[in-house]
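Q: Please take these sequences and the hints and turn them into a complete structure.
In the order they appear, the protein sequences are chains A and B. If you use my numbering, the first sequence corresponds to residues 1 to 253, in order. If you use my numbering, the second sequence corresponds to residues 1 to 210, in order.
Derived by calculation from the structure, the hints in this document are not laboratory data. Note that the structure is a prediction, hence the values are computed from the model and not measured. Hints are not guaranteed to be accurate.
Here are the simulated lysine to aspartate or glutamate pairs, DMTMM-like style, with alpha carbons at most 25 Å apart [to be verified]: (1) A/Lys3 x B/Glu21; (2) A/Lys3 x B/Asp32; (3) B/Lys14 x A/Asp88; (4) A/Lys68 x B/Glu126; (5) A/Lys71 x B/Asp73; (6) B/Lys116 x A/Asp210; (7) A/Lys118 x B/Glu126; (8) B/Lys14 x A/Asp210.
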Amino acid sequence: MNKTRIIARLDIKNDYVIKGIHLEGLRKVGNPNEMAKKYYNQGIDEIIFMDAVAAYYDRNSLTGIIQKACKDVFVPITVGGGIRKIEDIQIALNAGADKIAINTKTVQNPNFIKEAAKIFGSQCIVSSIDAKKIAENKWEVYIDNGREPTGKNVLEWAQEVESLGAGEIMLTSIDKEGTKKGFDIELNKMVSEAVNIPIISSGGAGRNQDIADVIQSTNIDAVSIASLFHYKIETIDSLKKYLINDKKLHIRL
Amino acid sequence: MKIVIIDYGIGNVKSIMNAFEDRGQKAFLSRDRDVILGADGLILPGVGAFSHGMNNLNKYGLVTIIKEYVKTDKPLLGICLGMQMLLEESEEFGNTKGIGIIKGKVIKLPVVNSNKIKLPHIGWNEIQTNKIKWGNTILNDVEVSSNMYFVHTYVAIPNNENEILSTTEYFGIEFCSSLKKGNVYGCQFHPEKSASRGLTIIRNFINICK
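A: So, in structure tokens, the structure goes:
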């Protein structure tokens, strides 16, 4: 049986890992390469590097960090933030990334997913969806790091990116992001049951119970964790042991 | 000693090169006939569509070179799509002919359609023994039930069950997750992305090439 993946998400600005609340109010927490290596040695299943300001300033500066990380991290690496052109994907893959997360560009031009999946394969295209709750059981898609509403419905957009050829969806709850108040269970449940591609749930993990909750009550395939690991509230090893031993979940040790 | 990774414009070869380097062995990228035939160990990488992969191998005339290399009995390791292309044919996008070193075909993971089942099969999954013992193979020192990283929708079905080195289960379907025919090896998973146990496989392959 497949294991639910525990992924460390590193949001990067000016060569530092940063962390904010609701994707804003950023503060520095460490060096991306040192943190990636540390998490790898502690048993992380995957690492996501997100260029936190690239979408906003229309640039991408992660290449050097990825090249370095790939020399000592032997688990899958996803890169996102500021991917605008097919060429940007090629550059990130050449640097050693396995997957690319795209958000803003795909909302502006949905065919970008189709084109990218055709060239590089669906397995390397992660559609990043930032969701904000607007009514009971209704979420809106946001772009530009949670700054711009798009008018798109999250559920419909998730189904659309699947049909366009995305291989996975990284679903971030803007309302929960950085709050350490737990995942948005309803959002994750709704989207993970409506599509047949893997869902990476992101935003809100504050304690190990939150992670067990979202795995147990939804059909998600992976959780992306930032604050919990960055602020050493939980180590990867202790979290995994808790999920396996106390919660009887399928996790890789 | 020289390890060569076949360069046909497909796959994340950087990670494979890094994994070999981490295990103390440089690996070179090439599509040159003499370089490939002169290698002590050959890697056929690959991700994406079968037909796209085969088209590129054919475009560079690599199919005959790979067959010629295999006749020398030197070690070859196909990874992911690189393993699938070792078989005779794939049903991905209609039938596409493979290299045909391993008798058998490649089919879509035959999971029952349900909203609970996800395809592609992405993530960590366990490998189990089949009929071949793992000692002296690329799985030497790898514990049974070790987790490896998979990303695929299609699976290889070798005709000869004695060529299946390990199996893996996904939603009740047991498939061939690695194979061995003499010195020809294939892994459906990515050893270069499977943490320390994957690096053990890379080390074992280096030792087999010595």
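Q: Indicate, hint by hint, whether the structure satisfies it.
A: Hint by hint, here is what the structure shows:
no. : hint                : verdict
1   : A/Lys3 x B/Glu21    : 29 Å, violated
2   : A/Lys3 x B/Asp32    : 40 Å, violated
3   : B/Lys14 x A/Asp88   : 17 Å, holds
4   : A/Lys68 x B/Glu126  : 29 Å, violated
5   : A/Lys71 x B/Asp73   : 31 Å, violated
6   : B/Lys116 x A/Asp210 : 22 Å, holds
7   : A/Lys118 x B/Glu126 : 30 Å, violated
8   : B/Lys14 x A/Asp210  : 36 Å, violated
Checked against the numbered hints above, the structure breaks hints 1, 2, 4, 5, 7 and 8 and satisfies the rest.
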